[in-house]
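Residue strings, one per chain:
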Amino acid sequence: MEASFDFWTHLPAVIPELLLTVLAVVVLLLDLYGGKENRRNIAFVSAIGLAAIAVTPLIWGPSEQQVFWGGMVRYDLIAQIFKVMIIIGASITCLMAADDSEVGHKGEFYLIVIVATLGASLIAAAADLIMVFVGLETLSIPLYILAAFRRDDERSSESGMKYFLFGAFSSGVMLYGFSLLYGFTGETNIYTLSQAFPAAVADNPLPLIGALLMLLVGFGFKVSMVPFHFWTPDVYEGAPTPVTAYVSVASKAASFALLVRVLLAVFPVTLVIGQENLQTLWVNLVSVLAIVTMTIGNVLALRQTNIKRLLAYSSIAQAGYVLVGVAAMQSQSDYSVASVAFYLLMYTFTNLGAFAGVLIFSETTGSENIKDMGGLSRRNPWLALGMTIAILSLAGIPPAAGFFGKFYLFTAAVNANMVLLAIIAVLNAIVALYYYLIVIKVMYVDRSQYDSQSIALSRSTLWVIGLTSIAVLLLGTFGAQPFFDWAAQGAQALLAL
Amino acid sequence: MEVNFSDPNFLPWLIPVGPLLAFFIITLATNRARLVPATSHEYGGHHPDYEGMLVPVATVPSRILSVTVGLAGVIMALFFSYTVAFSAFGEHGFGAEVVYASNIAWMATGDTAFRLGVFVDPLTVIMLIMVPLAVLMIFIYSIGYMAHDPRQSRFFALISLFAGAMLTLVVADNLLLLFVGWEVMGLCSYMLIGFWFEKKSAYKAAIKAFITTRVADVVMLLGIVYLYYATGTLNFRDILYNPELLEQLAATPALIFGSWGISAASIIGIFLIVGTIGKSAQFPLHVWLPDAMEGPTPVSAMIHAAAMVSAGIYAIIRIYPLLEAGGNPHYGILSQPMVLMAVVGSFTALFAATIAVAQNDVKRVLAYSTISQLGFMMAALGIGAYIAAAFHLITHAFFKALLFMASGSVIHGMEHGEHHVHEHAAHGHDDHHHDDHHGHFDPQDMMNMGGLRKTMPVTFITFLIGGFSLAGFPLITAGFWSKDEILADAFYGLTKGYGAHALVFIMLAVAAFLTAFYTMRQLGLTFWGEPRTEVAKHANLGRGLVSFTMTLPLIILAFFAITAGFVGVPPDFPILGPIFSPEHNAFHYFVIETLHPAFQAEAPAVNAIPVLTSFVVALGGLGLGWWMYWRKPLVAGEEDPLVGILGPVHTVLKNKYYIDEIYVAVFVKPSQAFSRFVIDFIDRGILDGILHTIARVATWIGDLFKVLNTWLIDGVGDGIPDGIFDFGGWVRRIQTGHVQEYLLVVLGAVLVIGIILALSTGILQAAG
Amino acid sequence: MALQEFAPIGAMLLFAIIVASIVLVISRIFGPHHPTFRKTAPYESGMKPIGPGTRRIPVKFYLTAVLFIIFDVEVIFFFPWAVASRELSLLGLGVIGVFTFILLVGFIYEWKKGGMEWE
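Protein sequence lines correspond, in order, to chains A, B and C.
Start counting at 1 in the first sequence, then tack on 9, and there's your number in the numbering used here.
Start counting at 1 in the second sequence, then tack on 183, and there's your number in the numbering used here.
Start counting at 1 in the third sequence, then tack on 7, and there's your number in the numbering used here.
Hints in this document: simulated from the structure, not taken from any laboratory.
Idealized CB from N, CA, C, for every residue including glycine.
Any given hint might turn out to be false.
Computed spacing ranges between beta-carbons, pair by pair [unchecked claim]: (1) C:Val-90 with A:Pro-491: 47 to 53 Å; (2) A:Ile-57 with B:Leu-211: 22 to 28 Å; (3) C:Phe-68 with A:Gly-192: 38 to 44 Å; (4) A:Val-428 with B:Arg-397: 33 to 39 Å; (5) C:Glu-117 with B:Pro-244: 50 to 56 Å; (6) A:Ile-57 with B:Leu-218: 37 to 43 Å; (7) C:Phe-78 with A:Leu-471: 42 to 48 Å; (8) C:Phe-108 with A:Ile-57: 22 to 28 Å; (9) C:Phe-106 with A:Val-454: 55 to 61 Å; (10) A:Leu-471 with B:Ser-270: 38 to 44 Å; (11) C:Glu-117 with A:Gln-498: 44 to 50 Å; (12) C:Arg-62 with B:Gly-931: 55 to 61 Å; (13) A:Val-428 with B:Leu-211: 39 to 45 Å.
Taking lysine to any residue and the SDA-like style, the derived pairs with C-alpha atoms no more than 20 Å apart in a straight line are [claimed, not checked]: (14) C:Lys-120 with A:Phe-16; (15) C:Lys-120 with A:Leu-38; (16) B:Lys-852 with B:Ile-258; (17) C:Lys-119 with C:Leu-70; (18) A:Lys-45 with C:Lys-120; (19) A:Lys-115 with C:Leu-31; (20) C:Lys-67 with C:Lys-120; (21) C:Lys-119 with A:Leu-38; (22) C:Lys-120 with A:Lys-380; (23) A:Lys-380 with A:Leu-446; (24) C:Lys-120 with A:Arg-159; (25) C:Lys-119 with A:Leu-39; (26) B:Lys-679 with B:Ala-791.
All chains should be modelled from the sequences, with the hints used to inform the complete structure.
Right, here's the structure in full:
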């Protein structure tokens with residue numbers, strides 16, 4: 010550490026993380042000393058605490074982008090945007106879990122969610138390979154525990170185990186990729202790596218391709234990109250619903266933040282090794298993976314009968330759409346990055362809303378079958394409305410936010426002259442309409458054996474459904490442009506070196 | 184952008200919020216209804232189609248909630264509207280230099296953002312004064328009128344949405360938002376006209392209204408799209424306050440029919456006017472409006488006065504400079520859209536007035552009178568009488584809302600009477616429903632009425648005031664001043680020898696005469712003389728809240744039906760001019776600023792001939808009506824004297840020129856036949872074949888993927904053991920689960936991708 | 008060429024794959040292969056398996072071991088600090104204090120949850 014290290018100038022860069030640690034300690038102590046009957050209140054403490062922490066990046070926003078803590082974290086607007094997104098996602102997850110009969114009354118659950126959030130928020134800002142890895146593991150290991158949280162449930166244990174094995178494997182591959190990069194250059198900072206490449210590998214890009222591929226395995230696992238997606242349906246189905254919701258939004262958003270940052274920083278446009286522009290390489294690769302991901306996700310989703318599995322495959326497909334935006338980063342990068350960020354922001358609210366609906370539904374009926382959702386509109390119109398908004402957003406129908414999300418992503422692809430990719434994405438979105446609208450149809454038109462059984466909404470679930478629905482509608486109407494502009498600002502911060 | 188809602192620039196955003204919020208609250212909060220058998224009295228009696236079914240009836244808490252919330256919403260809208268309006272009156276030069284506007288970037292389209300916002304100029308202000316007031320009156324009236332309806336909360340929700348949509352339309356700063364409000368109103372009118380969907384006639388009317396207006400809306404949307412294509416904006420101020428742009432549009436040949444000398448401005452104008460023809464029920468798309476009487480009476484008032492049809496006229500008044508582009512009505516040069524408006528408007532005015540003469544249904548007379556009055560406005564716009572059209576729009580809204588609600592009171596009173604008669608006749612069985620006259624007795628038929636002035640005096644007096652205003656009774660009614668202004672403008676053109684103006688003047692004068700006549704006929708048949716049936720003898724509103732909420736709006740509106748005209752008295756009018764307009768014609772002075780100075784025109788000086796014409800037609804028509812129906816009122820069983828006088832013409836008029844029948848023969852039947860053909864041959868045969876094939880292929884692909892998925896996952900475990908490695912099977916036996924196979928796939932995928940990448944870059948060869 | 012520096016690694020990789028494949032393939036092709044039910048049984052030496060293959064082990068051992076490792080590893084972090092504590096001055100002390108506090112909370116948690124109790 011240098012002598013001139015000034016603690017206070019470095020502090021703002023990690024305020025959310027520090028507060029998350031404090032919150033984790035508080036929650037831990039509350040669990041110990043709060044008494045059994047107050048356990049449920051831990052959910053609210055966590056939710057409110059997280060919501061409060063989500064505000065801090067807005068208050069201490071960075072004036073300009075800079076790396077802190079010895080180059081470990083980068084303090085820029087896009088990192089702050091993703092942090093807000095992740096922490097809000099965690100907050101809503103806690104609120105949602107309050108009424109889950111299996112995890113809601115366990116203080117550890119919230120503790121682990123907070124720690125995972127800490128990891129996610131670290132990788133959103135990570136500027137160093139070591140930080141990336143530490144952050145990823147801080148995110149992943151709690152998630153393995155969370156997936157297996159219902160210890161007595163076979164499916165949950167199995168999903169935790171699968172998730173762990175898969176995660177460990179891809180972490181290992183990715184770590185190998187990191188070590189290759191470090192081996193070539195002797196650098197770990199992702200912003201200086203690319204400058205060291207030419208000296209390290211002369212004009213042969215092959216080692217870099219290997220490293221890139223290994224990195225993609227790690228990130229592909231986290232964002233459930235085909236063919237690294239196999240864990241997704243099993244884990245989504247087996248894990249407790251709040252965990253599934255959390256994995257599908259916060260973990261995914263953080264990983265995409267990392268993916269975007271690493272791809273742009275480590276393999277920038279200007280990087281030409283030999284005759285090969287490395288960027289075209291990964292752009293082609295990501296485009297192909299995007300096509301495969303959304304197509305496989307959508308086609309497999311068509312035949313699902315379990316709502317959580319359906320949402321799992323839908324989340325694979327959604328990852329495919331985001332990859333379209335990632336591929337479009339080859340030109341006009343700020344628009345594409347902004348579209349990715351906007352998509353993830355709206356997807357956070359959308360998917361949380363959808364999973365909250367599923368949670369309430371399955372808590373009451375004990376079923377996760379789509380056909381048992383028949384008559385939901387009569388059993389609880391609010392719930393059905395919230396679900397409908399979320400599903401419309403997933404399907405990309407205005408006035409829900411999903412429309413603008415897709416609109417920006419596909420526009421980014423068109424702007425980048427990837428018209429074919431955009432067309433395939435649109436076709437996929439049309440295919441997806443089918444299975445999304447089926448759910449709405451079942452809720453409003455069909456009848457089921459549970460038809461007469463009404464579903465009650467507790468206050469916390471009402472908040473979750475209400476907040477997410479309002480956010481989705483807001484982002485789909487008046488909020489779209491301001492938030493997109495905000496994300497675009499952030500994108501410029503990401504690109505400015 | 185600093186958002187501050189005490190700033191009148193932002194305040195308009197809040198105007199539609201109240202009713203829209205009310206809609207959501209009522210819809211979502213009153214979803215629990217009590218289920219009663221369809222035969223129950225609470226549901227309004229026996230419904231053969233619903234035998235043995237349980238039907239929902241609003242509970243008392245949800246009734247109270249819906250009424251309170253609905254009323255609160257509209258009062259909120261009224262409050263904000265008036266705040267905006269009064270601060271606008273205080274602005275110097277409002278409309279010319281100052282307007283209230285704010286907008287947000289809604290959606291990025293290419294390089295520019297489509298901006299969406301609100302906008303208040305003088306025209307908006309007068310609408311903001313009229314619409315919320317009329318709507319509030321309708322709401323208050325509905326409290327009594329719908330008090331016992333089983334779906335009361337649904338009614339209030341829909342009518343709130345209706346009001347919210349209308350206000351959105353009024354404050355919209357661009358055609359797209361206007362169109363959104365327009366379409367939401369279309370939807371609401373559909374649901375409200377078919378509100379009593381147990382009646383076949385009601386839901387048929389709803390469908391008719393919906394489809395007819397939809398036809399027009401599609402054309403209108405074409406116009407909007409074309410306008411956006413041609414100008415790159417839909418903002419009113421940007422287009423209409425920009426004479427260069429309009430001139431340029433008028434000089435550009437249209438994409439279609441351009442070779443026939445039709446300019447882009449004209450074709451856009453014509454498209455938009457077609458939208459209005461549908462919405463404001465002008466010939467030939469007027470057929471839905473009389474049938475729309477099937478809805479509850481407050482809905483009729485809403486549709487005919489405050490909202491829907493006014494919206495149509497408002498839209499074309501709003502875009503008037505665009506319609507005028509390429510011509511100058513004050514020099515007798517009319518652009519094609521204006522000719523269209525003049526012809527359609529004046530024809531509709533006369534045509535609908537003739538039909539109204541021969542109708543016996545109390546609401547139907549008013550429906551045709553609405554069509555006719557809207558024709559007045561349309562014709563006025565067609566000859567460039569911009570202010571006069573706006574003026575008539577406002578006054579008409581007041582007196583027509585009054586007339587509809589008064590007629591609703593009459594019907595309500597008749598039903599009350601019918602109920603009374605039934606009870607006393609001790610028929611025992613209870614087959615009576617609100618407006619549901621599937622029985623033998625029609626409470627809306629004026630032939631069954633007579634003498635109602637005795638039992639319903641307030642209704643009589645207010646109806647009389649509204650009727651006189653409609654007839655344009657000279658000097659003291661609002662209708663006189665606005666109608667007179669239209670005639671004055673038309674006559675001014677006639678003196679210059681402009682053909683269109685002459686046509687409009689003559690047609691409208693005749694129509695005004697007929698208007699006065701059928702108004703007097705209606706009043707005579709309904710209120711004068713002796714009751715012609717037992718029911719009419721007992722017709723009254725009863726006492727209590729119902730009667731209070733139903734009469735209060737009548738009185739308030741009656742006040743406006745008289746006084747609203749005095750804001751637009753010409754300053755040079757003898758005696759009255761100096762009293763009401765000491766400096767200038769207040770209405771004219773204020774509203775003219777809506778237009779760009781290039782389009783403004785002075786009001787013509789008062790001329791004795793049109794004023795006298797107004798006097799003569801109004802008093803003549805009223806006099807003739809008095810002579811035929813008041814001097815010697817009809818007694819029970821007597822035939823309408825018109826039948827004898829007009830003979831076969833009366834039959835034609837009574838059947839509305841057989842236009843419905845013609846439409847059935849020309850459009851409905853052939854399209855049904857065509858549909859059948861399409862279903863039988865094209866759809867079932869060809870399209871279904873194709874679709875089924877596609878579906879089969881799609882399922883097949885889905886199956887394939889499913890197989891592929893299992894094959895990929897299991898295949899690695901099962902397939903490869905038969906190949907080189909006995910690895911998978913071995914792994915499978917000592918471990919459980921499939922994760923390892925997943926991972927193998929991943930590994931394989933990574934290898935494949937890596938090799939492809941390496942090969943594609945040609946590096947492997949180079950390095951090797 | 009930089010790639011050449013990695014050539015030995017590549018060669019080794021290739022060699023490993025080839026040797027492994029050869030061994031597996033050859034034994035598959037030339038080895039006698041008569042799978043029967045007995046031979047494919049878990050212990051094909053003829054002993055009948057008695058009872059379940061996995062034996063129950065008291066989880067307490069694991070728990071203690073896991074807890075020990077966690078704290079052990081965390082305590083190791085004290086060493087780098089101790090070595091450089093002079094240069095790190097007061098800030099370093101503060102940071103290690105926070106670290107210790109968090110560790111302490113974990114310890115209390117473990118204690119209160121009964122992780123220390125054998126029975």
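These are the hints, each one checked on the structure:
For Val-90 of chain C and Pro-491 of chain A, the hinted distance range of 47 to 53 Å is satisfied, since their beta carbons lie about 52 Å from each other. Checking the proposed 22 to 28 Å range against Ile-57 of chain A and Leu-211 of chain B shows it holds: the Cβ atoms sit about 26 Å from each other. For the pair Phe-68 of chain C and Gly-192 of chain A, the supplied restraint of 38 to 44 Å holds, since their beta-carbon distance comes to about 40 Å. For the pair Val-428 of chain A and Arg-397 of chain B, the supplied restraint of 33 to 39 Å holds, since their beta-carbon distance comes to about 34 Å.
Glu-117 of chain C and Pro-244 of chain B have their C-beta atoms about 55 Å apart, which keeps the hinted 50 to 56 Å range intact. Checked against the hint of 37 to 43 Å, the pair Ile-57 of chain A and Leu-218 of chain B passes, with Cβ atoms roughly 41 Å apart. Range check, Phe-78 of chain C to Leu-471 of chain A: Cβ separation about 43 Å, and the 42 to 48 Å hint holds. Remark: the range hint 22 to 28 Å for Phe-108 of chain C to Ile-57 of chain A is upheld by a beta-carbon distance near 23 Å.
Checked against the hint of 55 to 61 Å, the pair Phe-106 of chain C and Val-454 of chain A passes, with Cβ atoms roughly 59 Å apart. The given range of 38 to 44 Å is respected by Leu-471 of chain A and Ser-270 of chain B, whose C-beta atoms sit roughly 39 Å from each other. Take Glu-117 of chain C and Gln-498 of chain A: their Cβ atoms lie about 46 Å apart, and the range 44 to 50 Å holds. Checked against the given bound of 55 to 61 Å, the beta carbons of Arg-62 of chain C and Gly-931 of chain B, roughly 36 Å apart, lie outside it.
The hinted window of 39 to 45 Å between Val-428 of chain A and Leu-211 of chain B holds, with their beta carbons roughly 43 Å apart. Simply put, Lys-120 of chain C and Phe-16 of chain A have alpha-carbon atoms about 36 Å apart, too far for the 20 Å limit, and the pair is violated. Pair hint Lys-120 of chain C plus Leu-38 of chain A holds up; C-alpha atoms about 12 Å apart against a cutoff of 20 Å. Pair hint Lys-852 of chain B plus Ile-258 of chain B does not hold up; C-alpha atoms about 47 Å apart against a cutoff of 20 Å.
Using a Cα cut-off of 20 Å, the hinted pair Lys-119 of chain C and Leu-70 of chain C holds, with the two alpha carbons roughly 15 Å apart. Between Lys-45 of chain A and Lys-120 of chain C, the direct Cα distance comes to roughly 13 Å. Compliance with the 20 Å bound is thereby established for this hinted pair. Restraint check: the Cα-Cα separation between Lys-115 of chain A and Leu-31 of chain C comes to about 50 Å, which exceeds 20 Å; the hinted pair is violated. Distance restraint check for Lys-67 of chain C and Lys-120 of chain C: the Cα-Cα separation of roughly 14 Å lies within the 20 Å cut-off, and the hinted pair is therefore satisfied.
Annotation: proposed proximity of Lys-119 of chain C to Leu-38 of chain A holds, straight-line Cα distance about 10 Å (limit 20 Å). Pair hint Lys-120 of chain C plus Lys-380 of chain A does not hold up; C-alpha atoms about 43 Å apart against a cutoff of 20 Å. A distance of roughly 13 Å separates the Cα atoms of Lys-380 of chain A and Leu-446 of chain A; the hinted pair therefore holds under the 20 Å criterion. Between Lys-120 of chain C and Arg-159 of chain A the alpha-carbon distance is near 18 Å, which keeps this suggested pair within the 20 Å criterion.
The suggested pairing of Lys-119 of chain C with Leu-39 of chain A holds, with an alpha-carbon distance near 12 Å, which does not exceed 20 Å. Proximity of Lys-679 of chain B to Ala-791 of chain B is assessed by CA-CA distance (about 16 Å); at most 20 Å being required, the pair is judged to hold.
In summary, the numbered hints that this structure violates are 12, 14, 16, 19 and 22.
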